[in-house]
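Peer 1: Listed here are the chains, written in short residue letters.
2 protein chains.
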Amino acid sequence: MAQQNIFDNEIFFDGYKKIRENKVNANNLFEIPALFSMLPDLEGKRVLDLGCGFGEHCKMFVDLGATRVLGIDISSKMLEIAKAENSDAKISYMNMPMEDIRHLNESFDVVVSSLAFHYVEDFAGVVKAIYSLLDANGIFVFSQEHPFVTCHSSGDRWTRDESGKKKYLNLSNYGIEGEREATWFVDNVKVYHRTFSNIISTLIETGFSIEQMIEPLPTEELLETHPEYQDLLHKPDFLLLKTKKGS
Amino acid sequence: MAQQNIFDNEIFFDGYKKIRENKVNANNLFEIPALFSMLPDLEGKRVLDLGCGFGEHCKMFVDLGATRVLGIDISSKMLEIAKAENSDAKISYMNMPMEDIRHLNESFDVVVSSLAFHYVEDFAGVVKAIYSLLDANGIFVFSQEHPFVTCHSSGDRWTRDESGKKKYLNLSNYGIEGEREATWFVDNVKVYHRTFSNIISTLIETGFSIEQMIEPLPTEELLETHPEYQDLLHKPDFLLLKTKKGS
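As they're listed, the protein sequences go chains A and B. Take the first sequence: its letter number 204 is residue 204 in our numbering, and every next letter is one higher. Take the second sequence: its letter number 91 is residue 91 in our numbering, and every next letter is one higher.
Just so you know, nobody snuck in bad clues.
No copy is singled out in the list; a pair is fine if it fits within one copy or between any two copies.
Below, in silico cross-link-like pairs of lysine-lysine (BS3-like), each with a Cα-Cα straight-line distance of 27 Å or less:
hint, residue 1, residue 2
1, Lys59, Lys244
2, Lys244, Lys128
3, Lys245, Lys128
4, Lys83, Lys18
5, Lys166, Lys190
6, Lys77, Lys90
7, Lys90, Lys17
8, Lys59, Lys245
9, Lys17, Lys190
10, Lys59, Lys45
Calculated from the structure, these hints are not laboratory results.
Working from the sequences, and respecting the hints, build out all of it.
Peer 2: This is the structure:
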């Protein structure tokens with residue numbers, strides 16, 4: 001199985017870099033605060049970051065007290081930036097698809113992954129590998145695109161009213177799992193849809209206990225300054241889970 | 001707070017009775033098999049059934065070995081039928097809203113509820129009461145209307161193509177929790193919408209561990225004989241959870 005490496009595509013990479021440089025975006029407002037709120041105390045901890053991209057999170061883990069951080073990413077272009085902008089004696093970056101982490105000869109206290117799993121076809125295999133790499137009572141926290149987003153297969157995503165305002169999310173094929181082709185800067189970005197119950201069941205069957213689930217939503221306060229996020233009340237963009245390996 | 005007792009409304013009652021008498025319906029094909037697949041071995045167990053309705057499940061719990069079954073329901077009309085058609089020396093029926101179970105002076109090994117929680121406003125309160133009534137390692141299994149169903153607030157539920165075929169579920173206000181008015185045989189049936197993460201968080205924060213989640217979907221085999229359930233691939237009707245009280 002060839003893993004998708006859309007992040008080394010130049011058009012995609014430039015588009016992605018631009019969106020991440022903009023400090024007011026859905027990641028910064030919703031996904032990152034939720035992800036970090038789920039992390040345990042990182043003081044003295046060994047952390048694995050799956051799909052670390054530019055390494056911003058790896059650097060923050062060190063700032064939060066982690067003594068060892070391994071960031072892996074399928075994109076060597078991303079890791080070049082990570083090494084240039086977010087290097088630290090406590091951080092190593094490694095270029096590999098996360099499907100290959102079972103080959104790592106190291107154990108961790110915490111595994112984190114931010115918005116990468118929806119690109120992974122073999123979710124169960126990766127979850128199993130994470131379980132093996134974690135010590136007893138290890139914590140695994142991840143975010144991914146919300147299933148309302150990944151299930152989208154074709155046609156318009158929204159039904160709008162006469163004024164152009166988004167009225168309904170056009171939801172279809174939620175129950176049909178597997179590959180979807182999305183357009184995000186470039187065509188043919190492959191995303192893998194899984195239902196809530198598949199995600200939860202895969203984690204539990206592997207041996208993880210579910211500690212927390214978050215679907216970040218805008219507060220009324222935030223909507224006053226950022227009314228453009230009103231649509232999240234119809235469709236959360238992100239799903240986050242915190243799980244724990246049994247002792 | 002006055003609990004809704006739509007089941008004692010005569011038009012509703014007759015409509016509901018008719019649908020449950022028809023042996024080929026979504027409950028029999030999807031919800032009941034999933035619910036029973038989640039039950040632990042009931043041999044020698046004390047079972048509480050919340051929203052027991054006509055008592056069919058109570059009778060089945062006895063057939064599966066339960067030595068004590070308490071069925072409670074807000075509708076005295078439903079319980080009249082339960083007592084006439086599904087009575088047993090091991091079963092008691094009690095007319096009370098499930099919001100009042102904290103007053104029960106009895107403990108249980110298993111609490112089951114089939115398609116009743118979406119009528120309950122104070123989910124957290126009921127879950128807390130269930131936790132108190134269960135012995136250590138007790139199991140709590142329930143089904144409810146799927147969040148894609150409960151979130152519906154107004155307008156058409158589906159967008160159809162030219163031939164009238166259902167194309168999209170019109171999903172809106174998923175992130176806005178609380179009361180919805182539905183029409184089911186009669187107008188103004190009150191349903192309470194909660195997000196996946198609210199349901200999961202409430203259970204975990206109360207002290208339950210999540211053991212299993214099911215969103216029942218039709219198999220290809222079933223669709224050959226019952227093509228009318230194709231729409232469930234867009235929108236599962238039910239959400240089921242199995243949880244366990246910590247020891």
